[in-house]
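Peer 1: Sequence:
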Amino acid sequence: MITRRMALISGAAALAAPVFAQTSSLRALAADKGILFGSAAATYEFKDADFAALLPRDAAILVPEYEMKRDVVEPSPGVYDFSGCDALMDFAQKHGMRMRGHPLVWHERNPPWLEDAVRTRRDPRLLTG
10 MITRRMALIS GAAALAAPVF AQTSSLRALA ADKGILFGSA AATYEFKDAD FAALLPRDAA
70 ILVPEYEMKR DVVEPSPGVY DFSGCDALMD FAQKHGMRMR GHPLVWHERN PPWLEDAVRT
130 RRDPRLLTG
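Each residue of the sequence shown is one higher than the one before, starting from 10 at the first, in the working numbering.
None of these hints come from the bench; they were simulated from the model. A portion of the hints provided could be inaccurate.
[What the hints assert, rightly or not] Below, simulated SDA-like cross-link-like pairs (lysine to any residue); rule was C-alpha separation at most 25 Å, straight line:
hint : residue 1 : residue 2
1    : K78       : D99
2    : K78       : K42
3    : K42       : P65
4    : K78       : H111
5    : K103      : S33
6    : K103      : A62
7    : K42       : M106
8    : K78       : S48
9    : K103      : Y53
10   : K78       : A61
[Claimed, not checked] Ranges of calculated distance between the beta carbons of each label pair, as one might list FRET restraints:
hint : residue 1 : residue 2 : range
11   : W115      : A62       : 27 to 33 Å
12   : M98       : S33       : 24 to 30 Å
13   : A62       : R130      : 44 to 50 Å
14   : E54       : V114      : 19 to 25 Å
15   : I44       : D125      : 39 to 45 Å
16   : A37       : R118      : 22 to 28 Å
17   : M98       : A126      : 25 to 31 Å
18   : T32       : D57       : 18 to 24 Å
A virtual CB, placed ideally from N, CA and C, is assigned to each residue, including glycine.
Using the sequences and the hints given, assemble the complete structure.
Peer 2: What follows is the structure, given as structure tokens:
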């Protein structure tokens, strides 16, 4: 015997099915509204094939999670490493994504040498690279 509750649940499921079957990406849905939708990501996440496939499908802009932080970019005074930034830029270009930078100076991601130097010297150039 079909109860009113079962009929209501069946009807709701039938009405909701097209919503769940929707194949538009977040990127496309946002673009339709004039919104640039993106995500932060780190290079280690690209080792996950599902993530690496999903990110460009759903995001139009990529923001580096760690690769542009000072402790990664300048691990030692005057020694620069942009390989992580370059890998993210390559990924973004390959998938037609935009990319924007991220703060060079961040309260939790400064290299130890910078923390020590700021305490001992008052040199504004320490904060400009």
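Peer 1: Now tell me if each hint is right for this structure.
Peer 2: Results of checking the hints against the structure:
1. K78 / D99: holds (18 Å)
2. K78 / K42: violated (32 Å)
3. K42 / P65: holds (18 Å)
4. K78 / H111: Measuring from Cα to Cα gives roughly 7 Å; hence the hint holds.
5. K103 / S33: holds (21 Å)
6. K103 / A62: holds (12 Å)
7. K42 / M106: holds (18 Å)
8. K78 / S48: Given that 25 Å is the threshold and the Cα spacing comes to 17 Å, the pair holds.
9. K103 / Y53: Given pair K103, Y53 holds - Cα atoms ~17 Å apart, limit 25 Å.
10. K78 / A61: Holds, at about 22 Å.
11. W115 / A62: 27 to 33 Å: With Cβ atoms ~29 Å apart, the hint holds.
12. M98 / S33: 24 to 30 Å: holds (27 Å)
13. A62 / R130: 44 to 50 Å: holds (47 Å)
14. E54 / V114: 19 to 25 Å: holds (24 Å)
15. I44 / D125: 39 to 45 Å: Holds - the Cβ-Cβ distance for I44 and D125, about 43 Å, lies within 39 to 45 Å.
16. A37 / R118: 22 to 28 Å: violated (33 Å)
17. M98 / A126: 25 to 31 Å: holds (29 Å)
18. T32 / D57: 18 to 24 Å: The hinted range 18 to 24 Å holds for T32 and D57, with Cβ atoms some 22 Å apart.
Hint check: violations occur at hints 2 and 16; the rest are consistent with the structure.
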